[in-house]
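Two chains, two frames, a set of hints: combine them into the complex.
Read off the chains here:
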Amino acid sequence: MNIFLKILNYSVSFSSQFGNGFQPPTDVYTQGADDSGEVVNILTNFLSNLIGLLTIFGALFFIVNFFLGALAWISAGDDSGKVEKARTKIMHGVLGLIIIVLAYSIIGLIGQIIGIDLINLGETIEQVVPTL
Amino acid sequence: MKKIPLFFKKITQNYSKLFLIVFALLLFFSSKLLVNDTFASGNNCHCVCDARGRDCSWMGPDCGYYQGRLCEAGDVFGESIFGTIQPPAGVREIQEEVGAGNIGIILFASNLVRLVTVAAGIWVMFNFISAGWIYITSGGDASAHEKVSEKITQSLIGLAIVALAYTIAGLIGLLIFGDASFILRPTLTGVGQF
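Protein chains in written order, with this note's numbering: chain A, 2 to 133; chain B, 48 to 241.
Keep in mind that a hint or two might mislead.
Unchecked claim - Straight-line distance between alpha carbons at most 35 Å, and here's what the computed DSBU-like set of lysine-lysine pairs gives:
#1 A:Lys86 - B:Lys57
#2 B:Lys198 - A:Lys86
#3 A:Lys90 - B:Lys194
#4 B:Lys198 - A:Lys83
#5 B:Lys57 - A:Lys83
#6 A:Lys90 - B:Lys198
As the list claims (entries may be wrong) - Anything over 10 Å on all C-beta distances counts as not near chain B; from chain A, calculated:
#7 Trp74
#8 Asp79
#9 Lys83
#10 Lys90
#11 Gly94
Stated by the list, open to error - Only some residues are given here: those of chain B computed to face chain A with a beta carbon under 8 Å:
#12 Gly146
#13 Ala156
#14 Ala210
#15 Thr234
No lab work stands behind these hints: they were computed from the structure.
If you're wondering where the values come from, they're calculated on a predicted model, not measured in any experiment.
All C-beta atoms in this analysis are idealised placements derived from N, C-alpha and C, irrespective of residue type, glycine included.
The shape of chain B in the complex, shown without the other chains (with noise of 0.2 Å):
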């Protein structure tokens, strides 16, 4: 049984040098295999220039393996430290409505804001019962009538304007902005971005 591993020991001893040159030869052509002729699968892949600003290297999760290159005018600066974090279940749902490479909070927030909007439409349908309530209950006081209107118009303008705060965020970004979608789908500027 001791035999066995004595024979390793001998070959490793004697032909030491000889496996070292095949384990470069090895990890050199693994090397090339790695950086050669395989193309990103996708548009999800873009090329990283370093900080240097002079070799660039391809990041993301469609890149497969792609051979650096040097630096060219639009790409991308700063390298990737972290590499890409992949979102968590209920959040990738909204990223992959949002699609990729966008950032999905502001979906989120419209559909809280859908919810609102429901929300404030059976709060106004609970005014105009508690209304008609007050009417019902006032046996001939006569600011019951002020009372009933004033609930109600409120509750309306306030329906109104819920329903039209969409529209009425466009036209102040249209009046003051100049673009009705400045506010609706705004843009993060980075330096060198428009």
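Just chain A, with the same shape it has in the complex (with noise of 0.2 Å):
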């Protein structure tokens, strides 16, 4: 299939009237676009880029959240509703940080159970392209 679609861009380049086309603005995350083979594998590691990042975001607000509540906690003296507040922040930072890391788990296993392989998105989407 992979090989069928190549030999397609091979005789595509050689009768195309524009040189190469439209050349990418950048090269990250463009570089192969304009091959069907390779299109898809640049989409899913953007997205898996991004999930690495949308991560370390999370890690970051969560030590600012620690850390708020923390000296939340140490400022609530004998205030007891205070005192309840910083905890239930710490708390929700841990749970939201527990739930960031197990996300890609809890992805995988939503679509196990739906049936859709969300983990493997790329070979997914390739059920979708058209052919002949």
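Below you can see the structure in the form of structure tokens.
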């Protein structure tokens, strides 16, 4: 299948009147986007990196929230309401971080249950590519 | 002084037929020389059939003087009326990058897209700075956080779309037209061409 698409690309590039067509503005996430076998890989690569980036942002927010919660606990004094507030803040931070770390697995589990392969998104997308 | 023109006049009058014959012979051999045995020096030369589809003549900047032949299958039809128009200096650079015989307008458009991408990045940077400025000048205003987070998320989503635009075009080409290069490497189709 991919070989057929590559041959098609090859022949198209020879009959093209516009040279190599549109050139990508940047190479990251665009290199090979005009290759039918490669473009889905680029998308999945982008999504993977995005998930990694969001995980790191989640970790950063967790650190900030944890410290703020700890400070609130310290400065609460006798006020039990304030202590409760600080405790829930830290608890929610921890819970959120656990969910972020487990999100990938949860998505895979949901995909398994529903029957759509969400982890191997590229293969799922390639199933709907129209062919003759 | 007047004798010399008179002398020429005499000769041309007396031997006019001889001159005509010599001139005709010269013309004949020169035309033979022109069409014989000089070959094209590059690939930028192709056979163009006339409107009747019978006689094919070689056209292109690298052709030299090719002898014409009868049309074959695969020849280009239509006579060249205006000849080749040379591109001006700025366009020529783009043409040379695209390659001979190709149209450079999409390469030019890609350069514009590249410029717009950089402009979008700079715009996002200023958006971030102004978001920080909102935080600084809010002075405990509750709606500031909402405003700032909205501004930053929308900037980031926009930047992701700009960075991925090329890939999105490839994906649309793949999912709708079955070929990722359908939009990104477009082809002109004429009569009888695929």
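Now for the hints, and whether the structure bears them out:
At most 35 Å may separate the alpha-carbon atoms for a hinted pair to count; lysine 86 of chain A and lysine 57 of chain B exceed this at roughly 126 Å. Our distance criterion of 35 Å between C-alpha atoms is met by lysine 198 of chain B and lysine 86 of chain A, whose separation comes to about 29 Å. For the given pair, lysine 90 of chain A sits about 23 Å from lysine 194 of chain B by alpha-carbon distance, which is consistent with the 35 Å threshold. Restraint check for lysine 198 of chain B and lysine 83 of chain A: the C-alpha separation of about 32 Å stays at or below 35 Å, so the hint holds.
Between the alpha carbons of lysine 57 of chain B and lysine 83 of chain A the distance comes to roughly 129 Å, so the proposed pair goes past 35 Å and is violated. For the proposed pair lysine 90 of chain A and lysine 198 of chain B, the alpha carbon gap of about 25 Å is at most 35 Å, so the pair holds. Listed as a non-interface residue, tryptophan 74 of chain A keeps its Cβ farther than 10 Å from every Cβ of chain B; the least gap is roughly 23 Å. Every beta carbon of chain B lies more than 10 Å from that of aspartate 79 of chain A, the smallest distance being close to 26 Å; the non-interface claim holds.
Against the 10 Å criterion, lysine 83 of chain A stays outside the reach of chain B, whose nearest CB is about 20 Å from its own CB. Look at lysine 90 of chain A: its CB is around 16 Å from the nearest CB on chain B, clear of 10 Å, so calling it non-interface holds up. With a closest Cβ-Cβ approach of about 18 Å to chain B, glycine 94 of chain A is found to remain outside the 10 Å limit, as its non-interface label requires. The restraint placing glycine 146 of chain B at the interface with chain A holds, with a minimum CB-CB distance near 6 Å, inside the 8 Å limit.
Among the interface hints, the one on alanine 156 of chain B holds; its C-beta lies about 7 Å from the nearest C-beta in chain A, closer than the 8 Å criterion. For alanine 210 of chain B, the shortest C-beta to C-beta distance to chain A is roughly 6 Å, which falls under 8 Å, so the interface hint holds. For threonine 234 of chain B, the suggested interface contact is upheld, since its CB lies about 5 Å from the closest CB of chain A, less than 8 Å.
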